[in-house]
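Residue numbers for the sequence shown, in our numbering: 10 to 260.
The reader is advised that the hints may include incorrect statements.
Said to hold, decoys possible - Label-pair restraints from in silico Cβ distances: (1) D140 to V242: 46 to 56 Å; (2) S107 to E222: 34 to 44 Å; (3) E243 to V55: 24 to 34 Å; (4) P51 to D180: 27 to 37 Å.
FYI, nobody ran anything at the bench for these hints, they're computed from the structure. Cβ atoms here follow ideal geometry from the backbone N, Cα and C, with glycine treated the same way.
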Amino acid sequence: MISFLARCASSGSRAAVALLLIALAGASAVQAQAPSDPAIRPQGSVSFLVGVPQGEFRDNVDNLGFGLDVFGGLGVGQSPVVIGLDIGFLIYGRERRSEPFSNTIPDVTVDVQTTNNIFQSHLVLRLQPPDGVVRPYVDGLFGFKYLFTQTQIESERFEADDPIASSTNFDDFALSYGVGGGVHIALYRPQGEEKEVESVALKLGAQYLLGSEADYLQEGSIRRVNGSIDFEVERSRTTFLEPYLGVALQF
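Construct all of the structure, not just a fragment, from the sequences and the given hints.
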């Protein structure tokens, strides 16, 4: 699966466009053969996400990213086409240190945490069988990545509390597009006419998301000298391979 995604992504945007055209052609063929069924088929999933830097981004950042991914989509009748929205959040770097609360209150310390983050959002065109215990799928994705570094001050003893203060140190946007694929394996399929969900499934998959060039920070990019800060900014394409594992619901 991963090698397939990497090969597709190496062709850049042409691979993503080709995948979308294939999906649309397949959908038209199936709809021409299948009986009309106007029912809307919502689906959704929540997954644990791992971000593996690729290419130029990997040259600058050697940390894995970890986060969550949420997908929601709609299919119609017996068509294999699902149109949806995929939203993910990754943390690919983290620094934590203790500092005096202020120069006038040096006997109270706080935790200062800096995180390097990526928020990503993509429109998704998915090709997937509408029913079955095992339902493989292939995705074409197009959207953006928002890369930002944030620092916040937290109480030393109460990490669950809201931060005392926070600031976004640096941010930038990048276009993002790619391909993905995986499988839904049904774990529970309720019987009866008044069921709330059609199935609860294990979701396994990966997506290869090419990203345009952007400016960003990594761990250690913020230097603090004599009360002032200096940024060591990196710039490159922002490509990730993102395996994920989660739970999917079909309604």
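Hint check:
no.	hint	in the structure
1	D140 to V242: 46 to 56 Å	holds (50 Å)
2	S107 to E222: 34 to 44 Å	holds (36 Å)
3	E243 to V55: 24 to 34 Å	holds (31 Å)
4	P51 to D180: 27 to 37 Å	holds (33 Å)
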